[in-house]
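Please take these sequences and the hints and turn them into a complete structure.
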Amino acid sequence: MKNDKLLQLIPNFHLSNSDQKHQLLHVYAISLKWLLPGIFIISLIDLIVEIFLGHMPFLGILGMLLFIILIIIALNIKKQKRR
Amino acid sequence: MEAFLKMANNNTHNLKNSSHIHTSDFWCAKIAVVGLYLLLALIYLSFMFDVERSFFSPFTIGGILLVIVIGCRMVVSPFNVDKVKVEVSDPKIYRRVLKLKFKKRIFFLIIAFSYMYLVNAIVAPFLAGNPTQFYDFNFLISCIPPTLIVLLTANKDSRIKLNTEGTDDNEK
Numbered sequence: 068m069k070n071d072k073l074l075q076l077i078p079n080f081h082l083s084n085s086d087q088k089h090q091l092l093h094v095y096a097i098s099l100k101w102l103l104p105g106i107f108i109i110s111l112i113d114l115i116v117e118i119f120l121g122h123m124p125f126l127g128i129l130g131m132l133l134f135i136i137l138i139i140i141a142l143n144i145k146k147q148k149r150r
Numbered sequence: 036m037e038a039f040l041k042m043a044n045n046n047t048h049n050l051k052n053s054s055h056i057h058t059s060d061f062w063c064a065k066i067a068v069v070g071l072y073l074l075l076a077l078i079y080l081s082f083m084f085d086v087e088r089s090f091f092s093p094f095t096i097g098g099i100l101l102v103i104v105i106g107c108r109m110v111v112s113p114f115n116v117d118k119v120k121v122e123v124s125d126p127k128i129y130r131r132v133l134k135l136k137f138k139k140r141i142f143f144l145i146i147a148f149s150y151m152y153l154v155n156a157i158v159a160p161f162l163a164g165n166p167t168q169f170y171d172f173n174f175l176i177s178c179i180p181p182t183l184i185v186l187l188t189a190n191k192d193s194r195i196k197l198n199t200e201g202t203d204d205n206e207k
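Which chain is which? The protein sequence lines are B and X, in order. Using our numbering, you'd call the opening residue of the first sequence number 68 and step up by one each time. Using our numbering, you'd call the opening residue of the second sequence number 36 and step up by one each time.
Think of the hints as simulated: they come from the structure by calculation, not from any bench. Some hints here could point you the wrong way.
[Unchecked claim] Straight line, CA to CA, 30 Å or less: simulated DSSO-like cross-link-like pairs of lysine-lysine:
#1 127(X) <-> 72(B)
#2 120(X) <-> 72(B)
#3 72(B) <-> 196(X)
#4 100(B) <-> 118(X)
#5 138(X) <-> 72(B)
#6 191(X) <-> 72(B)
#7 139(X) <-> 146(B)
#8 136(X) <-> 72(B)
#9 118(X) <-> 134(X)
#10 118(X) <-> 72(B)
#11 148(B) <-> 100(B)
#12 134(X) <-> 72(B)
Put into structure tokens, the structure is as follows:
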């Protein structure tokens, strides 16, 4: 956990205690509930509106790809824990 | 209000004592951090793409609203850490920590500005269909003052403090 470089992206993470690290991890884990449905709704609305107006929806496709990749990783981790 | 405070206290109590919450929070926090940074990058790309084709897409509006909502929830939540302060008594360790902070900031700045320049000059005009605006160096000139400000202020961090009570020499 200490040598993980992805968690160093969290601000104030490497300067805090172990209890504060647990609190910061919990705050970011709660935000995942709002992040995944938010990305899905935004990209779906973008796809519908831009196809209706006749544009090419590049950003809607990229947002849906991001949503699919994140949700596949999350579901794989859930499956590995149940076994 | 009292019930809310009781709930918060119970949650923090369970969080500190239990170990199984940490293993689930670890992966969720990793995914959330990577997703947030990629979402910010996509919002910047969509903003520049909208500027090129003169259209206000729902992706920028929704993305900015989503980032504001998540940031406010993080700040207001009872698990958030208020202030982080580190007091160092040894000046050698103090300089070493400041060097580490400087390296981290320079690494992040190089990645962020190279991404912004690539999006501004190459990706957004190519997607919008008018690739005549390649290599617009005005953005590179506008990047110089913020980089200078960051380079000059990167050596000072208010979270890390040098404690000189035990020693006789009070150096400033």
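Hints, verified against the model:
1. 127(X) <-> 72(B): Since the Cα atoms of residue 127(X) and residue 72(B) sit roughly 24 Å apart, the hinted pair holds (cutoff 30 Å).
2. 120(X) <-> 72(B): holds (22 Å)
3. 72(B) <-> 196(X): Distance ~25 Å between residue 72(B) and residue 196(X) Cα, so the pair holds.
4. 100(B) <-> 118(X): The hint holds at about 25 Å.
5. 138(X) <-> 72(B): It holds: about 14 Å lies between the C-alpha atoms, which stays within 30 Å.
6. 191(X) <-> 72(B): holds (23 Å)
7. 139(X) <-> 146(B): Distance ~35 Å between residue 139(X) and residue 146(B) Cα, so the pair is violated.
8. 136(X) <-> 72(B): holds (14 Å)
9. 118(X) <-> 134(X): It holds: about 22 Å lies between the C-alpha atoms, which stays within 30 Å.
10. 118(X) <-> 72(B): Roughly 23 Å between the alpha carbons, so the hint for residue 118(X) and residue 72(B) holds.
11. 148(B) <-> 100(B): Cα-Cα ~19 Å, so holds.
12. 134(X) <-> 72(B): Given that 30 Å is the threshold and the Cα spacing comes to 18 Å, the pair holds.
Hint violations for this structure: number 7 only, all remaining hints satisfied.
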